[in-house]
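*Asks:* Top line first, the protein sequences correspond to chains C and P.
Counting from 65, one number per residue, gives the positions in the first sequence under the working numbering.
Counting from 508, one number per residue, gives the positions in the second sequence under the working numbering.
Since the hints were derived computationally from the structure, they do not count as laboratory data.
Treat the numbers as computed from the prediction; the structure is a model and nothing was measured.
Even for Gly, the Cβ is constructed at its ideal location relative to N, Cα and C.
It cannot be assumed that every hint is accurate.
[To be verified] Coverage of chain P stretches by chain C, computed from C-beta distances (three or more under 8 Å per stretch; other residues unrestricted):
{"hint": "1", "segment": "593–599"}
{"hint": "2", "segment": "623–632"}
{"hint": "3", "segment": "687–693"}
{"hint": "4", "segment": "763–769"}
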Amino acid sequence: MPAVATSTTHARRRGALLHRIDVKGAPYAFVAPFFVVFAAFSFYPLVYTSWISLHRVELATLDVMEWVAFDNYVELWNDSRFWNALGNTITIGVISTVPQLLMALGLAHLLNYRMRGSLFFRVASLVPYATSVGAAALVFTMLFERDFGMINWALGAVGLDPVDWEADKWPAQIAISTIVIWRWTGYNALLYLAAMQAIPADRYEAAAIDGASRWKQFTHVTVPGIRSTIVFTIVLSTIGATQLFGEPLIFGQGPNGVSGGADNQYQTLGLLLYEEGWKNYQMGRSATVAWAMFLLLVLVFVAQRLIRRLRSARTS
Amino acid sequence: MTTESLPVRADAPVRTPARKTTTRGGRRLLRQGAGRQHHAGPLSYVLLAITAILSIFPLYWTMVAASTDNTRVSQTPPPFLPGPNLFSNLARAWDEAAMGKAMINSTIVAGVIALSTVMFATLAGFAFAKLRFKGRNVLLMLVIGTMMVPPQLGVVPLFMMMSELGWSQQLPAVIFPTLVSAVGVFFMRQYLSEALPDELVEAGRVDGAHSLRIFWSIVLPVARPAMAVLFMITFVHAWNDFFWPFVVLDMTNPTVPVALTQLSAGYIRDQSLIMAGALLGTLPLLVMFIVFGRQIVSGIMQGAVKG
Chain C
65 MPAVATSTTH ARRRGALLHR IDVKGAPYAF VAPFFVVFAA FSFYPLVYTS
115 WISLHRVELA TLDVMEWVAF DNYVELWNDS RFWNALGNTI TIGVISTVPQ
165 LLMALGLAHL LNYRMRGSLF FRVASLVPYA TSVGAAALVF TMLFERDFGM
215 INWALGAVGL DPVDWEADKW PAQIAISTIV IWRWTGYNAL LYLAAMQAIP
265 ADRYEAAAID GASRWKQFTH VTVPGIRSTI VFTIVLSTIG ATQLFGEPLI
315 FGQGPNGVSG GADNQYQTLG LLLYEEGWKN YQMGRSATVA WAMFLLLVLV
365 FVAQRLIRRL RSARTS
Chain P
508 MTTESLPVRA DAPVRTPARK TTTRGGRRLL RQGAGRQHHA GPLSYVLLAI
558 TAILSIFPLY WTMVAASTDN TRVSQTPPPF LPGPNLFSNL ARAWDEAAMG
608 KAMINSTIVA GVIALSTVMF ATLAGFAFAK LRFKGRNVLL MLVIGTMMVP
658 PQLGVVPLFM MMSELGWSQQ LPAVIFPTLV SAVGVFFMRQ YLSEALPDEL
708 VEAGRVDGAH SLRIFWSIVL PVARPAMAVL FMITFVHAWN DFFWPFVVLD
758 MTNPTVPVAL TQLSAGYIRD QSLIMAGALL GTLPLLVMFI VFGRQIVSGI
808 MQGAVKG
């Protein structure tokens, strides 16, 4: 029965072919959705931003793009609001990120002890993470209120003068940083804690045998042991700080707060980007601010790389 | 388009071999505080108690302020105990900030984004962890690289795209850009590399199962704990995401964080009302945290995710 034999070989061959197609093609099909969506809604806009920044585009007529070359960049460079926003972004970034990560490190160290109720403390320190920017900023705006806010009341209780948290530059920036610190400290602490628990116990034993105090163990074993995680949180916090938007916006009384206070005293690059595009209707200039944010990030990372290289060159 | 991108533990790729499956290992870690020899002293308890109070107090006070009336809330000393008006204020906030609509919108947005992120991340994570194909390493590096790019940088063209598509002020404008997450892909890859034995996939092949079948009946059951964690964390992020929804939606069709800005916009600030709105917007996630707190904590510690 040769005919049947051929048809089964055919079927087998077809099966083998399908199998080959499946094995070769399926991986691409599985990763495709990610790359398609990412290309369309993240990568393409990112590249297109630079093109738009070379044009004059108004919010009302988005399809009319007038080529202006580098005019937007020149104007931005000469705009004092830009330098002000850049400065604010950096100062708020520093006074929110540095204490936040230091406190997270301490908190992780505490959570790393054996104790009763450790799960409670972990969940409790993560609760702020579940709060939206909106809710958190609203509550803190009220706590920092000049006339009846709880913080000024507490200051008064210990004999200090009330502070006008909204109107003055540094108090406002500290208040905004407080919101950021409150929301992210517990989250970073958990990242540190996870890394701490991966440090082998024998390193501590060796340090203890050498007579290292607990503090020495912390600085010489724990901190170096989680260094890559620390670098990682610095990178993430830097990206977050560059984009700071919701906290200063809501602290400045809701949607009208894009100017970042009466004297722009806490306007960030994120707020300036929004103000140029959606209040002043200049999308091209808005895209230029986005590019400035990108450059700021690149600069920070290059600087960080350099510092790391210098450090390792010194130690080796 | 979460402005706060999800972080992955930096050392995760290095120490892959040592790790156990997520829930089991995670729970063990949580219960024991994994093997540091020192016990906490009284000072540690005091410091942790202070941290816990600082973490929870603003939310407690939100509730207190939401339950009083405006004259009481602006007296000194400020109130520390709940008053009688909680439910009437919540009802007012519900009406004035279009909270009902915002809640429905946020539930849809966060639900769809979390579902699709989990599904596509598991598919891609499986391919990167267990399947061999040309360009795998390059593509994986691309995934990791994309985690470092802040989405705010593409917001202007994205806005133009949405108005061209006719999606301005509509939920798809919020949903589509966030359907996938690089961190999610990376997270699932890390998890499946360890939790899914190669032999299981091979056995499926020998039995003649095609890839999708293997995915469905072998990978999915193994991946379920990690998928649950990724779902919750993505849901929290999508619910709380602010910048892009604020840009692309308006007050007629807001998500919860966008609706909350409306409350604080007026010249006469009704503080109790604002706090009632803030409480409403936070409540769903707080409930989720109380129910799933342990899993979310262990998920983040396993190498997931930031909002």
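*Asks:* The structure should be examined with respect to each hint, and the outcome stated for every one.
*Replies:* Comparing the hints with the structure gives:
Only when three residues or more bring their CB closer than 8 Å to a CB of chain C does the claim for the segment 593–599 of chain P stand; here the count is 0, and the claim is violated. For the segment 623–632 of chain P, the stated coverage by chain C holds: 4 residues have a C-beta nearer than 8 Å to a C-beta of that chain, and at least 3 were required. With a threshold of 8 Å between beta carbons, the proposed coverage of the segment 687–693 of chain P by chain C holds, since 3 of its residues qualify and at least three are required. With 6 residues carrying a beta carbon less than 8 Å from a beta carbon of chain C, the segment 763–769 of chain P meets the three-residue requirement, and the given coverage holds.
When each numbered hint is compared with the structure, a violation occurs for hint 1 only.
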